[in-house]
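In order, the protein sequences belong to chains A and B. Position 73 of the first sequence, counting from 1, maps to 73 under our numbering, and the rest follow consecutively. Position in the second sequence (from 1) plus 452 gives the number in our numbering.
Incorrect hints may appear among the rest.
To be verified - Here are the simulated DSBU-like pairs of lysine-lysine, each with C-alpha atoms no more than 35 Å apart in a straight line:
no., chain 1, residue 1, chain 2, residue 2
1, A, 255, B, 658
2, B, 543, A, 180
3, B, 658, A, 442
4, A, 235, A, 151
Unchecked claim - Cβ-Cβ distance ranges computed for the label pairs, FRET-style:
no., chain 1, residue 1, chain 2, residue 2, range
5, A, 434, B, 567, 28 to 38 Å
6, A, 209, B, 666, 18 to 28 Å
7, A, 35, B, 513, 34 to 44 Å
8, B, 567, A, 283, 43 to 53 Å
9, A, 95, B, 611, 34 to 44 Å
10, A, 98, B, 470, 49 to 59 Å
Unchecked claim - A partial selection of chain A residues facing chain B, derived with a Cβ cut-off under 7 Å:
no., residue
11, 18
12, 20
13, 31
14, 34
15, 250
16, 253
17, 374
18, 376
19, 388
20, 391
Derived from the structure by calculation, the hints contain no laboratory data. Just so you know, even glycine gets a beta-carbon here, dropped at the ideal spot from N, CA and C.
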Amino acid sequence: MNKIIKFLSSLRFTLFLISLLGVMFMLGLWIPQQNLVSEEIYEQWRHNSPKLLGALESIGFTSIYASSTMLTLWAFFFLNLALVMWQRIPLIKKRIALPEGRPGNPETAPGYPFHASYQLPTGMDAPAVIGLLISNGFTVSGDGEGFCGVKNRLSPIAFGLFHISFFFILLGGMISVYTKFVGVLDLAEGETFQGEVSRFNAKPQLPKIGTPPIVAFTVKSVLPTRINGTPTGLKVNLVDSRGVEHEANVNRPYKADNSSFIVNTVGPTPLFVVQDRSGKDIDGAYTKLNLTGGKEDVFSLAGFHFRTTFYPDYYVKDGAPASRSQEFKNPLFMVTVEQTGKTIAQGPVTKDGTLAFADYQLVLKELPYWVRFSVYKERGLSIIYAGFAIASLAVIWRFLFYRREIIGIVRQEDGRALLVVAGRSEFYKSLTEDEFTSLFEKILALKGRTDT
Amino acid sequence: MSNVEMIFFWISLVIYSLASGGYIYSFVFKNPRFMPKMVILILIGFLTHTIAICARYQAQGHLPWAGDYESAMMGGWFIIAGTLYVGWRNKSLQALATASVSLVIVMMGFGVMRNPVLTPMAAALKNYWLYIHVYFAWLAFGAYTLAMAAGVLFLMKKKSLAAGVVNPSYEKFPSLDRLDELIFRYVLFGFITDTIMISAGAIWAKDLWGSYWSWDPVETWSLVSWLIYGIAIHLRITFGWREARFAWIVVLALSTVIISFFGVTFVIDTSLHTFQVR
Chain A
1 MNKIIKFLSS
11 LRFTLFLISL
21 LGVMFMLGLW
31 IPQQNLVSEE
41 IYEQWRHNSP
51 KLLGALESIG
61 FTSIYASSTM
71 LTLWAFFFLN
81 LALVMWQRIP
91 LIKKRIALPE
101 GRPGNPETAP
111 GYPFHASYQL
121 PTGMDAPAVI
131 GLLISNGFTV
141 SGDGEGFCGV
151 KNRLSPIAFG
161 LFHISFFFIL
171 LGGMISVYTK
181 FVGVLDLAEG
191 ETFQGEVSRF
201 NAKPQLPKIG
211 TPPIVAFTVK
221 SVLPTRINGT
231 PTGLKVNLVD
241 SRGVEHEANV
251 NRPYKADNSS
261 FIVNTVGPTP
271 LFVVQDRSGK
281 DIDGAYTKLN
291 LTGGKEDVFS
301 LAGFHFRTTF
311 YPDYYVKDGA
321 PASRSQEFKN
331 PLFMVTVEQT
341 GKTIAQGPVT
351 KDGTLAFADY
361 QLVLKELPYW
371 VRFSVYKERG
381 LSIIYAGFAI
391 ASLAVIWRFL
401 FYRREIIGIV
411 RQEDGRALLV
421 VAGRSEFYKS
431 LTEDEFTSLF
441 EKILALKGRT
451 DT
Chain B
453 MSNVEMIFFW
463 ISLVIYSLAS
473 GGYIYSFVFK
483 NPRFMPKMVI
493 LILIGFLTHT
503 IAICARYQAQ
513 GHLPWAGDYE
523 SAMMGGWFII
533 AGTLYVGWRN
543 KSLQALATAS
553 VSLVIVMMGF
563 GVMRNPVLTP
573 MAAALKNYWL
583 YIHVYFAWLA
593 FGAYTLAMAA
603 GVLFLMKKKS
613 LAAGVVNPSY
623 EKFPSLDRLD
633 ELIFRYVLFG
643 FITDTIMISA
653 GAIWAKDLWG
663 SYWSWDPVET
673 WSLVSWLIYG
683 IAIHLRITFG
693 WREARFAWIV
703 VLALSTVIIS
713 FFGVTFVIDT
723 SLHTFQVR
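Excised from the complex, chain A in its bound form (with noise of 0.2 Å):
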């Protein structure tokens, strides 16, 4: 059992474990992911490759991210973590620790890369260096017959504060994987939305503990903005239950019940009417369409089937129907009427405009937005968020303020007041005699040095 110990928390499997996952992350860029690659791809692949797929598949390597072998190398890797950790508290514990005793002579000490020795300027004595050395920093220990100052001795908690974060992050998603609500959302201006899980587009991810988002909101107008084709903006406003107005935009999702309600698509809701040719109203609807990208879309009214393309900033091109742009400058639908499968009428339909056919008329007579929410919902967010910044305030403690520590003493050598002392620093030696030799010119105000 002790070498089973001693295995799972030795260093040497801390690397191999992080090699493999770095191998499995580069395996998940090289092989299509199944949630990351569209449905039309993958199958085109399956239809071109099955037993490679197939075989991929068995394995887990198409959801590779959350394969078995991948849980199963996390797994380890917090393991391994964690055991690494608790034989290193020992050892944090005697390095933070203020060094006890008197110091060694710094002019044969070991493990002393800077040694060096200077005239103490006159008036000046070993008190007066020591409350330099503190004013610079150190935590001082001794007297001028041997002192030992110590910067930054905290600096190792910061090694166990960044693997901790380590498990905040791992904790943060556990609850997220858990708590994760998923679902598209289409609301078009005017619709009012409460939390009906039913109105979701296809079927929602639901949250394995929880409740999907109690929300109660209505959308009140839609404004995409586009320049020059680059979509620079899509603010929605929206009014919640309480009559409190918020808005939403790219970047800026909509929050409530721990839920993001992210804007990322717009398009047309027409208010199509069938009147008679009398103009009297027979049906009609506002018809969320999804006609993005120039596709085609289709809905029915009074016994009719219309397919429908749309073109936001209409023109002719080489005598075909074309879009300047993706604003709606000019918006025009090319309608196609079917009935029994036949088709009827052909021809556009602009705001206001009517296309006829059989004993109708088909009339646009508004043209608001629909707007597609991409709706989140999940717990544990503040915890992964508290891991990022211990993550990044512990590197930053570690590595930029770390140890350094100082013995010396001040003797009396031709009636003169002689500092000698001795440095060393975590991570350093070269620069390590830089650092000092800086930091003892700046505190005794001296231009050179004499070294011993």
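Fit chain B to the supplied structure of chain A, relying on the hints for placement.
Quick look at chain B alone, frame taken from chain A:
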């Protein structure tokens, strides 16, 4: 590109090329007299590079934040700024420009072939986290590049000394011990800024895409490069890997950073990081 931007962009590229050529000449022909002059040349190139960026900002109303061209332009600016700063603080490190400027030339050359048209700020980029995420990304790239440059110089000097070749150009460099520690220092700075970059990106992704981590290829590659530098730091601190071994790791590890910055979007169009710029 605006006309002013185009002129100053190409002037910068020519100047960097001349400087890079001067450094290579100094090493090959063992004539270090050119090196101080190359620093002045790089400084001039840096100024024209800055003018090109200002011209682009003036033409499109926002700093170059997105797309391969703008990443190359700003990333290159940060690398040159880092090189000049380090060389100003320590003259013996001016020769880092040998490797860093050469990389910037390749980056900017690649970037200018990748659709440098002026674009308004896409809605997806309008978030304060953009500034934090991208700023720390460039700092990380710059630091890792300096580490790579120091690694290249270390290996060249070590090889020259081992072969008993007397090359006065290498005497312009710090000692091998000092170079070795500088490599580690740059890696640490890069790792710190890389950590902040990934954290800021994840927080931003939550508001933009709904999830703090989507295993998007750019995200995954950035994690891979972060892990590799993490392994390098572990090897150094815990197993005492130093000098040539460490230099080689650092030189090769930069390739993962280049892939995550430029390689992924070069190969695929469907990354979330495309931001509708193209």
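Quick rundown of the hints versus the structure:
1. Distance check on the hinted pair: residue 255 of chain A and residue 658 of chain B sit about 12 Å apart at the alpha-carbon level, within 35 Å; holds.
2. Proximity of residue 543 of chain B to residue 180 of chain A is assessed by CA-CA distance (about 55 Å); at most 35 Å being required, the pair is judged violated.
3. For the proposed pair residue 658 of chain B and residue 442 of chain A, the alpha carbon gap of about 48 Å is over 35 Å, so the pair is violated.
4. Of the pairs offered as hints, the one joining residue 235 of chain A and residue 151 of chain A is violated, with about 53 Å between alpha carbons and a cut-off of 35 Å exceeded.
5. For residue 434 of chain A and residue 567 of chain B, the hinted distance range of 28 to 38 Å is not satisfied, since their beta carbons lie about 46 Å from each other.
6. Between residue 209 of chain A and residue 666 of chain B the Cβ separation comes to about 22 Å, which falls inside the hinted range of 18 to 28 Å.
7. For residue 35 of chain A paired with residue 513 of chain B, a C-beta distance near 37 Å keeps the hint of 34 to 44 Å intact.
8. Distance hint check for residue 567 of chain B and residue 283 of chain A: the Cβ-Cβ separation is about 48 Å, which falls inside the suggested range of 43 to 53 Å.
9. Range check, residue 95 of chain A to residue 611 of chain B: about 37 Å between beta-carbon atoms, so the 34 to 44 Å window is met.
10. With their beta carbons about 56 Å apart, residue 98 of chain A and residue 470 of chain B fall inside the hinted range of 49 to 59 Å.
11. The criterion of a C-beta within 7 Å of any C-beta in chain B is met by residue 18 of chain A, whose closest approach is roughly 6 Å, and the hint holds.
12. For residue 20 of chain A, the interface hint is violated, the least distance from its beta-carbon to any beta-carbon of chain B being 11 Å, above 7 Å.
13. Taking 7 Å as the C-beta contact cut-off toward chain B, the hint placing residue 31 of chain A at the interface is violated, the least distance being around 12 Å.
14. Checking residue 34 of chain A against chain B: minimum C-beta separation of about 11 Å lies over 7 Å; hint violated.
15. Nearest Cβ of chain B to the Cβ of residue 250 of chain A: about 4 Å, under the 7 Å cut. The hint holds.
16. For residue 253 of chain A, the suggested interface contact is upheld, since its CB lies about 6 Å from the closest CB of chain B, less than 7 Å.
17. The beta carbon of residue 374 of chain A is positioned within 7 Å of a beta carbon in chain B (closest approach about 5 Å), and the interface hint is therefore held.
18. Annotation: interface hint on residue 376 of chain A holds; nearest CB of chain B at approximately 4 Å, less than 7 Å.
19. Among the interface hints, the one on residue 388 of chain A holds; its C-beta lies about 4 Å from the nearest C-beta in chain B, closer than the 7 Å criterion.
20. Proximity of residue 391 of chain A to chain B holds as hinted, the smallest CB-CB distance being about 6 Å (cut-off 7 Å).
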